[in-house]
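Chemist: Throw the hints in and build the complete structure from the sequences for me.
Protein chains in written order, with the numbering used here: chain H, 378 to 949; chain E, 363 to 402.
Calculated from the structure, these hints are not laboratory results.
Be a bit skeptical, because a hint or two may be false.
Claimed, not checked - Here are the simulated DSSO-like pairs of lysine-lysine, each with C-alpha atoms no more than 27 Å apart in a straight line:
id, chain 1, residue 1, chain 2, residue 2
1, H, K642, H, K476
2, E, K369, H, K476
3, H, K418, H, K476
4, E, K369, H, K605
5, H, K418, E, K369
6, H, K642, E, K369
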Amino acid sequence: MKPIDWAVLAITLVAIVAYGTWKTRGIKSVDSYLRGGSDTKWYTIGLSIMATQASAITFLSVPGQAYEDGMSYVQFYFGLPIAMVLLSATIVPLYYRLKVYTAYEYLERRFDLKTRLLTAFIFLLQRGLAAGISIYAPAIILSTVLGWPLQLTNLIIGLLVIIYTVSGGTRAVNYTQMYQMIIMLVGMGLAFVFILWRLPPNVSFSDAVGIAGALGKLNVVDFSTHLKTRYTLWSGMAGGLLVALAYFGTDQSQVQRYLSGSSLKESRLGLLFNGLVKVPMQFLILFVGVVVFVFYQFHPPPVFFNEAELEKARHSSESAHLPQIESSFSAAFAEKNASLQAWTSAQHSGDSNLAGLARQQMRGADERMQQIRNQARELIARVNPRVEKKDADYVFISFVTRYFPAGLIGLLIAVIFCAAMSATAAALNALGTTSVVDFYRRTVRPDASNEHYLSAARWFTVFWGVVAMLFAAFASQLDNLIQAVNILGSIFYGPMLGVFLLGFFMKWIRGTPAFWATVLAQIVVLLVFAYTNIGFLWYNVIGCATLLALANLFQIATFPLRARAPSRRIGP
Amino acid sequence: MENEPDKPPFFRTWNGMYLVVLSTLAILVAFFALLTKVYE
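Modeler: Given below as structure tokens:
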């Protein structure tokens with residue numbers, strides 16, 4: 378990083394924190410602190426919702442995932458626009474009608490206190506862990522690439538977020554997220570244009586798309602029905618829809634964003650804006666990874682993208698094997714490059730037979746390169762058994778630091794920091810709110826003053842910030858980081874969505890059956906996670922379906938339908 | 363939360379807005395499926 382990169386990074390981060398703190402100075406009421414003063418416009422809500430979901434992992438892991446496995450991950454988002462429509466039509470008007478601070482308040486009004494506390498507890502557990510990962514994930518990658526101490530990076534992200542989140546609450550989170558999201562979109566847009574510009578002059582955009590397609594990276598939609606395949610059209614439409622319903626409808630970090638709207642209309646428009654732009658945005662981020670892949674068809678890639686670990690291997694007892702691996706890798710690259718030139722000429726001259734042959738040779742060389750990369754991974758794992766063998770998370774950041782010009786490197790690093798900060802801020806804000814509203818005010822101090830709750834909300838936000846930083850400091854190595862976050866969400870979202878669906882649509886179910894069905898469905902999902910290898914998106918379907926079935930079973934067993942007293946009918 | 367009239371821009375009811383979002387999704391999925399098919 379050059380001085381101009383440091384300047385861009387420092388100015389961006391300081392400006393965001395200063396703006397968030399200044400814009401929300403002098404907050405005196407707990408309502409303003411927790412609900413942002415209820416004057417937020419749809420574009421702020423929309424960008425804030427997007428920034429909450431787009432953590433640093435999105436910008437680090439997603440391009441790497443496209444580099445390794447192609448574009449199929451975008452299917453995970455196919456259910457999201459449908460969920461935005463369903464939520465706008467049902468749950469958002471309901472939350473407005475009930476004037477709730479948190480999603481879990483609804484469950485007490487519909488069922489009972491224990492169901493509210495159980496779901497609020499599940500949220501605290503899941504979001505508390507996820508907040509730790511959202512600091513840790515970028516910290517470990519940034520500290521490796523930039524050579525910073527890991528704990529220092531953790532501390533910088535955590536402290537910056539705590540300053541403005543504690544000071545300005547929901548309002549600070551919303552306004553900073555809007556600008557953070559704009560910085561992220563501009564940064565990624567510039568990165569995309571720059572990578573295209575760095576392709577060889579004789580390679581057009583359509584050639585780049587053709588090369589990516591020939592090497593199997595444009596596999597966007599998978600119609601197969603295998604349950605073990607992680608991303609298919611069906612898992613995206615069913616599992617992805619349920620994840621999005623649960624995440625946007627019941628996860629307080631998102632609910633708090635749109636409940637800060639100045640009206641129901643603004644909240645609905647914010648959600649629908651997200652439904653319109655989310656799939657194209659994810660496609661673009663994946664496509665950045667594909668263009669990086671195309672770039673590396675013309676320039677030799679490193680045999681392992683975590684170059685700090687590669688360097689360690691060069692100075693270890695295994696160093697004698699590395700030159701041989703790198704030389705085989707270079708030979709396979711040269712072979713692939715020759716086939717690529719032949720394929721491009723054949724494409725331009727319209728010779729389909731020659732193009733088919735060259736494509737086969739290209740794919741063969743690509744597979745050999747993959748095998749050699751696997752050998753390098755094994756070697757690096759022997760040198761440092763704790764290191765993550767999959768280097769997909771380093772593909773994009775390593776490209777940025779190697780090839781981007783001064784200034785743009787600083788901006789892209791700022792994008793990753795902004796993403797980490799925005800996701801963490803929303804999580805801390807929601808964790809603090811749930812702790813105060815659902816636990817402290819409801820069960821510990823129900824009659825305290827407005828100032829007392831405002832102070833308690835600030836202290837709980839600090840508490841969760843410290844917990845997230847401690848988790849980030851002591852987290853062990855995780856498999857691909859984006860998978861870790863999504864798997865964590867899918868373990869808890871099925872039962873969480875199920876209990877809300879019970880409340881809305883099954884008017885005959887009462888509190889106790891709903892509570893026990895939630896407990897058991899959560900256990901079932903944990904067992905499925907521990908003992909099967911079913912694709913994780915299906916956990917959502919299993920958790921939700923199990924809960925609905927069990928609640929009905931318990932209701933029939935314990936309260937015969939004809940004899941039951943009328944339940945509380947609160948629904949859309 | 364103010365009592366602003368709950369009417370979407372450009373449309374008489376929210377169903378019009380919902381249709382725009384769902385139609386955009388359908389067009390995107392069709393485009394992605396075509397892209398996959400062409401480069402299979």
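Chemist: Holds or violated: K369 (chain E) with K476 (chain H), Cα cutoff 27 Å?
Modeler: Holds, at roughly 20 Å.
Chemist: Holds or violated: K418 (chain H) with K476 (chain H), Cα cutoff 27 Å?
Modeler: 18 Å, holds
Chemist: Check whether the Cα positions of K642 (chain H) and K476 (chain H) lie no farther apart than 27 Å.
Modeler: Since the Cα atoms of K642 (chain H) and K476 (chain H) sit roughly 15 Å apart, the hinted pair holds (cutoff 27 Å).
Chemist: Can you confirm whether the C-alpha distance between K642 (chain H) and K369 (chain E) stays at or below 27 Å?
Modeler: Roughly 7 Å separates the two Cα atoms, so the pair holds.
Chemist: Within 27 Å, alpha carbon to alpha carbon, are K369 (chain E) and K605 (chain H)?
Modeler: Given pair K369 (chain E), K605 (chain H) is violated - Cα atoms ~44 Å apart, limit 27 Å.
Chemist: Please verify whether K418 (chain H) and K369 (chain E) have alpha carbons no more than 27 Å apart.
Modeler: Distance ~15 Å between K418 (chain H) and K369 (chain E) Cα, so the pair holds.
In this structure, the one hint that does not hold is number 4.
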